[in-house]
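Undergrad: Each chain, letter by letter, is given below.
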Amino acid sequence: GNSVTQMEGPVTLSEEAFLTINCTYTATGYPSLFWYVQYPGEGLQLLLKATKADDKGSNKGFEATYRKETTSFHLEKGSVQVSDSAVYFCALSDSLGALNFGKGTSLLVTP
Amino acid sequence: DTAVSQTPKYLVTQMGNDKSIKCEQNLGHDTMYWYKQDSKKFLKIMFSYNNKELIINETVPNRFSPKSPDKAHLNLHINSLELGDSAVYFCASSQLPDRAETQYFGPGTRLLVL
Chain E
33 GNSVTQMEGP
43 VTLSEEAFLT
53 INCTYTATGY
63 PSLFWYVQYP
73 GEGLQLLLKA
83 TKADDKGSNK
93 GFEATYRKET
103 TSFHLEKGSV
113 QVSDSAVYFC
123 ALSDSLGALN
133 FGKGTSLLVT
143 P
Chain R
3 DTAVSQTPKY
13 LVTQMGNDKS
23 IKCEQNLGHD
33 TMYWYKQDSK
43 KFLKIMFSYN
53 NKELIINETV
63 PNRFSPKSPD
73 KAHLNLHINS
83 LELGDSAVYF
93 CASSQLPDRA
103 ETQYFGPGTR
113 LLVL
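Heads up: the protein sequence lines correspond to chains E and R, in order. The first sequence begins at 33 in our numbering and counts up by one. The second sequence begins at 3 in our numbering and counts up by one.
In short, the hints are calculated from the structure, not lab data. There may be inaccurate statements among the hints.
Stated by the list, open to error - Heads up, simulated DSSO-like pairs for lysine-lysine below, C-alpha to C-alpha not over 27 Å straight-line: (1) 109/E - 43/R; (2) 100/E - 46/R; (3) 73/R - 92/E; (4) 92/E - 69/R; (5) 69/R - 88/E; (6) 46/R - 24/R; (7) 135/E - 24/R; (8) 135/E - 109/E; (9) 38/R - 11/R; (10) 135/E - 42/R; (11) 21/R - 38/R; (12) 38/R - 73/R; (13) 88/E - 46/R; (14) 109/E - 42/R; (15) 42/R - 24/R; (16) 135/E - 100/E; (17) 84/E - 46/R; (18) 135/E - 38/R; (19) 11/R - 69/R; (20) 135/E - 73/R; (21) 73/R - 24/R.
As the list claims (entries may be wrong) - With beta-carbon atoms standing in for the labels, derived distance ranges: (22) 72/E - 24/R: 38 to 44 Å; (23) 88/E - 85/R: 42 to 48 Å; (24) 69/R - 48/E: 35 to 41 Å.
Claimed, not checked - Stretch-level coverage of chain R by chain E, calculated; a stretch enters the list once three of its residues show a Cβ under 8 Å from a Cβ in chain E: (25) 44-51; (26) 105-111.
Virtual Cβ for every residue (Gly too), placed ideally from N, Cα, C.
Can you make the complete structure from the sequences, with help from the hints?
TA: Below, the structure is given as structure tokens:
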């Protein structure tokens, strides 16, 4: 079956540090890959997505590349801000659109 | 305008009660979903409807019954509530039930069963 594994948190970084959150997946077929972000007390928002191998998703300074050879979709940002503090979820979607989520990585950015 | 809305936002109830959560989307989407987020923040799909028809029904106890009166609404009714049902329930919608589609999430309903 489909599954997503992402690095455990919490991750604590100083402002302007480089961020990497690792995500690997197992899937049959050709899934799409997503990063969603959840701010405290809120629902999930799409951060970026990639629908086929070698696609790069990017938004608000965050990037992730769909790597089929390593079954990975790592999230990166060159310089994090305090406002990036949130929980980040890697997910893949199957043919019916259902999202399979990783367990989430909590990020805390300190001034 | 809120794209995906849920009511109520908070729900505190006793074991054994029956409760409903409502979801509405004004995005004109055809597909709606229910997800459950447990205390460790793990999210899992429960149900999906496309154009009022059930297309995904994960291994959820039959105490949970979704109902879609029209494309813009997907409600979740829970019978005989148990302690383990305490969680945050998220509704989401997408244009189509397709792997490439972006899902838009509601703010969540925080259910606490005492």
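Undergrad: Taking only the CA atoms, is the gap from residue 11/R to residue 69/R under or equal to 27 Å?
TA: With a Cα-Cα distance of about 19 Å, the restraint between residue 11/R and residue 69/R holds, given a limit of 27 Å.
Undergrad: Is the straight-line distance between the alpha-carbon of residue 135/E and that of residue 109/E 27 Å or less?
TA: holds (20 Å)
Undergrad: Decide if the proposed pair is consistent with the structure: residue 135/E and residue 73/R, CA atoms, cutoff 27 Å inclusive.
TA: Status violated; Cα separation ~30 Å.
Undergrad: Take a quick look at whether residue 69/R and residue 88/E sit within 27 Å of each other, Cα to Cα.
TA: The hint is violated at about 37 Å.
Undergrad: Hinted pair, alpha-carbon criterion (27 Å max): residue 109/E, residue 43/R. Please report holds or violated.
TA: holds (23 Å)
Undergrad: With the threshold set at 27 Å, check whether the alpha-carbon distance from residue 73/R to residue 92/E stays at or below it.
TA: Violated, at about 32 Å.
Undergrad: Does the structure keep residue 73/R and residue 24/R at a Cα separation of 27 Å or less?
TA: Distance ~13 Å between residue 73/R and residue 24/R Cα, so the pair holds.
Undergrad: Take a quick look at whether residue 38/R and residue 73/R sit within 27 Å of each other, Cα to Cα.
TA: Roughly 21 Å between the alpha carbons, so the hint for residue 38/R and residue 73/R holds.
Undergrad: Does the Cβ distance between residue 88/E and residue 85/R fall inside 42 to 48 Å?
TA: holds (44 Å)
Undergrad: Please verify whether residue 92/E and residue 69/R have alpha carbons no more than 27 Å apart.
TA: With a Cα-Cα distance of about 37 Å, the restraint between residue 92/E and residue 69/R is violated, given a limit of 27 Å.
Undergrad: Measure nothing beyond the straight line between the CA atoms of residue 42/R and residue 24/R; if it is 27 Å or shorter, mark the hint as holding.
TA: holds (24 Å)
Undergrad: Check whether the Cα positions of residue 38/R and residue 11/R lie no farther apart than 27 Å.
TA: holds (14 Å)
The structure shown violates the earlier hints numbered 3, 4, 5, 20, 22, 24.
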